[in-house]
Each structure stands twice: as C-alpha cells, then as structure tokens.
Amino acid sequence: MDHSELISRILQGDSHAYADLVRTYQRMVYTVCHRILRNAQDAEEATQDTFVKAYQHLAGFGGNAKFSTWLYSIAFRTAVSHGRKHRQHTLSVDELVHHPDAGTGSRTDDGTHQADMRRQLDRALAALSAEDAAILSFFYLEEMSVEEIVTATGLAASNVKVKLHRGRKKLLDVLNTELRGEARTLLTDHA
Amino acid sequence: MPERNEQQPTQSTDQDLCKLFQTAGHHAPGSDLTARIMARVAVTPLFRPKVIRPLIGQRTWVVMAVALVGLLALTLIVGVTTPVEPHTALSIYTARFRGLLSSNGSWAMWMIGASVCALLLTILDRLLEKRWANVKG
Chain A
0 MDHSELISRI
10 LQGDSHAYAD
20 LVRTYQRMVY
30 TVCHRILRNA
40 QDAEEATQDT
50 FVKAYQHLAG
60 FGGNAKFSTW
70 LYSIAFRTAV
80 SHGRKHRQHT
90 LSVDELVHHP
100 DAGTGSRTDD
110 GTHQADMRRQ
120 LDRALAALSA
130 EDAAILSFFY
140 LEEMSVEEIV
150 TATGLAASNV
160 KVKLHRGRKK
170 LLDVLNTELR
180 GEARTLLTDH
190 A
Chain B
0 MPERNEQQPT
10 QSTDQDLCKL
20 FQTAGHHAPG
30 SDLTARIMAR
40 VAVTPLFRPK
50 VIRPLIGQRT
60 WVVMAVALVG
70 LLALTLIVGV
80 TTPVEPHTAL
90 SIYTARFRGL
100 LSSNGSWAMW
110 MIGASVCALL
120 LTILDRLLEK
130 RWANVKG
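Line by line, the protein sequences give chains A and B. Residue 108 in numbering that gives the first Met the number 0 sits at position 109 of the first sequence, and the numbers go up by one each step. Residue 125 in numbering that gives the first Met the number 0 sits at position 126 of the second sequence, and the numbers go up by one each step.
Simulated from the structure, these hints should not be mistaken for lab results. This list has only true hints and no planted wrong ones.
Rough simulated footprint, nothing fancy, chain B against chain A, three-plus residues with beta-carbon under 8 Å:
#	region
1	19 to 30
2	41 to 47
3	50 to 58
4	130 to 142
5	163 to 173
Looking from chain A toward chain B, a few residues come up when the C-beta cut is under 10 Å (computed):
#	residue
6	Ile9
7	Leu10
8	Gly12
9	Ser14
10	His15
11	His33
12	Gln113
13	Met116
14	Gln119
Glycine residues also receive a C-beta, built at the ideal position from the N, C-alpha and C atoms.
Okay, chain B solo, but in the shape it has when bound (with noise of 0.2 Å):
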C-alpha cells in the first residue's frame, strides 16, 4: 500500500512516479478562466449559515430553575399541619407535601400557585411561539 515514507520497498517507485507527476506539472487552463470566474462571482451571492440560537435561552433557563427551587421550598416552607416523620429527606418532604393537600384553609395557597403556574406557561408559550417565528423567518 503506498503510505507515505513508511514501506520502503514502493519509495523508489513513489519517488519516480512523483518526479514523473511533477516534471508533468498542472494542465494550463485558458489564460482569462479567472476573469471568467470572477464574472460569475460577481453575480453570485454568499451563502450564510443561519445561527440557529436555542429556543430557551440560558437566562431562561436560570430563571426556570430558580422558579422550580423557590416553588420547591414553597411547598417545604408553608403549610404545614402534620407533624413530621423524622426518618429520611424524603420522608420529610411526603409528609409536609401531605400535609399541606390535607391542611384546611390552604386553597388560597393553591390557587395563587396554580394562577401563577398558569401566568408563566402562557408568558413561556407566548416566548417560544415568538422566538420559533424569528427562526423559521
């Protein structure tokens, strides 16, 4: 196989044949092929990669996340009524979530956390819907 400077017995060969191939040099092409070339470039517009930028940017993403982590320890911090099973994390974050759907008086709470969760996915469909329109355009 001929690889480059690595079997000795086809260098001889590969050295002729690139001095063959060398004293040959280039086909000449007719000598206004770049005027020709460079008429057609002139009418020719450039391709441009479009950037494609991610629909849900990182801020976004941050701000999600935040969310997610404040709402979590909503459901921690409020409502509390049934004492806690001091076993595992787990069992603590049950229990408190258990108590706060068996707590009276806590349907304001949920309303207002539903409200809100509803807001943000209508402002996040709102978001998307328009970014999703800037890509395609």
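The shape of chain A in the complex, shown without the other chains (with noise of 0.2 Å):
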C-alpha cells in the first residue's frame, strides 16, 4: 500500500491524516506488542507510543522500506524495550492453559470462534520466547518475508531464519501436545 501522499499531507500539518495511518495498523501494531508483552494493558501503551513514535519520526521515513514494516520495526523495538522496562510477568503454558482468559485482556473474549483460536494460539505462542513469537506473527500472520522481518526486528537474516525454524517446531510441539491439539482440531471443524 503506497501511503506518500496521505504522509507528505501529514508533514505538511495535516495531523488528522494520520489517523489514517492509525486506523489501518493499530491492530497489528497492537497484535505484535501483545504477543511480546502477553499483557492487554502493557500492549495498549506499546501501541500508543509506537504511533507516537512514529508520527515524531515520520518526516525522517524515507520511503525504503514499506511503510508497514518501518512501522512494525518501531512497534517490535517498543513493546522488547516496554518489556524490559516494566519487567512483565510473562505468563507460562500452563497458567495459559489453567486460565484461559489470563494474558488475553477481556476485550478478545466475545465468544466466537476467531477469539477461541486467537486464545489457543496464545497458549502456545506462550511458551515461546517474547521475540519469536512476534517473529512467527510477522511470518505467519502477516506474512512477511525474512528481510522485510530483518528489517523489522534489525536482527541478521541467518537469526531469524534459525528464530523461525527453532519456533515453529515449539509450537508445534505445544499445540500437539500441551494443548492436545486443540487449535488445530478447531481449525480443521471451522475451515
């Protein structure tokens, strides 16, 4: 998506563009930093200070990257940072799975099949590293390739090869055994 002319509208004073902008990315701004925080509250300010971030530094964006990755690596480098920071209470597979709204904020608990899935998955992803499983996100669910998540996460092609590779094979581990399978069972009733 080509956004330089809703961002030179925005350098040039027009504040209420970037709402724009906002719009189309908070979630997965949001996604990504509650993947590393596993905390609604700790993702929310990630999020806010990623766009605000990025609103300060966007006349220094200089158009190489995509705008989404540019924006993600802000999101990745805040939410890492926000972590150490407010030293988070990383929640464990099996709090996850003996509390299955714990981490998840009550908001992505409406009941409906996608927020069940969303819920599994972060079971899993739980028991992965913070940083992998952002990186499994930018690859899956974002689909970026692995110099867009270089680029984003500003770790070296080999280490995200090996990041992914490394947690692809935990999740996998985790959602067949931990959780018996439940995610996938759920994704083949509901494909």
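Starting from the two chains in their separate frames, assemble the complex, guided by the hints.
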C-alpha cells in the first residue's frame, strides 16, 4: 500500500490524516505488542508509544522500506524495550492452559470461533520467547518475507531463519502435546 | 529453514500455521485506542531532520578552482627571467618558478600575490565561521 500522499499531507501539518494510518495499522501493531508483552494494558501503552514515535519521526521515513515494515520495526523495538522496563509478568503455558482468559484481556473474549482460536494460539505462543512469538506473527499472520522481518527486527537474516525454524517446531510441539491439538482441531472443524 | 516457497517438506506445515494465524487474526485493542493515540499526537511536535548544507558550496569550489588555476597560470606567465629548459612539462614549470624567485624587481608582484591570498583566506574564514554558526544554530 502506498502511503506517500498521506504522509506528505501529514508532514504539511495535517495531523488528522495520521488517524487513517493509525486505523489501518493499529490492530497489527497491537497484536505484535501483545505477542511480546502478553498483557493487554502494556500492549495498549506500547501501541500508543509506537504511533507517537512514528509520528514524531515520520519526516525521517525515507521510503526505502514499506511503511508497514518501518512501523513494525518501531513497534517491535518499543514493545521489547517496554517489556524490559516493566519486567512484565510472562505467563507460562500452564497458567494459560489452566486460566484461558489470562493475558488476553477481556476484549478478545467475545465468544466467537476466532477469539477461541486466538486464545489457543496465545497459549501455545506463551511457550516461546516473546521475540520468537513476534517473529512468527510477522511471518504467518502478516506474511512478511525474511528480509522484511530482518528490517523490522534488526536481527541478522540467519538469526531470523533460526528463530523461525525453532519457533515453528516448538509451536507445533505445544499445539500437539500441551494443548492436545485443540487449536488444530478447531482449525479443521471450522475451516 | 522456513523460507517462503523454497522448501517443499515444510510447505504444508507452513500453510497450516499460516491458516492458524490467519484464522486467529489480530488482537483487538480498545475501541478508543485511535482517539487516545490522536490525542497524544495532537500535542506531539514533528521532528524535522535538519538539512545540513556543506560548509563550502559548489559555487565556492568553482571559484576556488578558477582562482587556483589563475594563480598557477600567473606564475607561468609573469616574472620569467631564466631560460626554459625544454625537456618536460615539469621542468618548464620549475624553471619558470625558479626564475620568478630569483628575478629582480618581482617583489612587488609577490607582495600583491601575498596580499590577495591573505584577503582571500580572511574572506573564506569569515564565510566558514558564518556558515558554521548557521549549521549549529
């Protein structure tokens, strides 16, 4: 998606145009923050910080990468830094299995199939490191290439590939054992 | 290694996981998140990167180059009193330069040249100082 016109309007002083960009990307930014921080309140704070930082430095966006990749790189760094600062309580798989609502926040518990799937996935992703969970989300949810993930995370390409490989293996293990394949069953039943 | 569309054995697993993530979708933030972000944005100034111009501009470089060529030409043209040794271009130049140094009555020319150089250096110094103050300010 080309946002160059929107960005030039914002840079000319039309801050309201920024709301369009916020609306377009807030869900993914929030999801990345949530996967890293595993807490709705912290994720919202990190999401706000991400968009404020992106707005402040919008003039520095050179257009070498996609706007989304640039924004996700800010989100990734902001959430990781937020996590370090606030020493977030990382939920274990056991906690998530026994308390399905833990960590997801009430907003996602709308009782729909999608919310169930998200809860299952969050439980499985809790077994991974925050960084690995975010990288898997970039790869599978946002369908970013390895190169784009490298840009977004600042990690080396080989490191991203290793994290994807390791993360995927661990995620599948958790889905198949700890959660007894619930997520996969749900997927097969409703696909 | 998961490399999109490159490794066949992992492709079906990748597709399954992709489907799983896509079905699970994004986390939903609070409905007022956009408003809260925009409220913060409204009081946030935009950082505009400072355009740092080079201390010596293109025109100044051209003027300096022309002046240098002019000075070199001047040393070749004026004040030649010794005969030219017609071997190489370098020997021609050094012979003329030696001639200029040893020639009687070229002190006036040297004084003028030195004064012009001093004046040019002073002007350049002032220009650089002014430009640097602008960059820092």
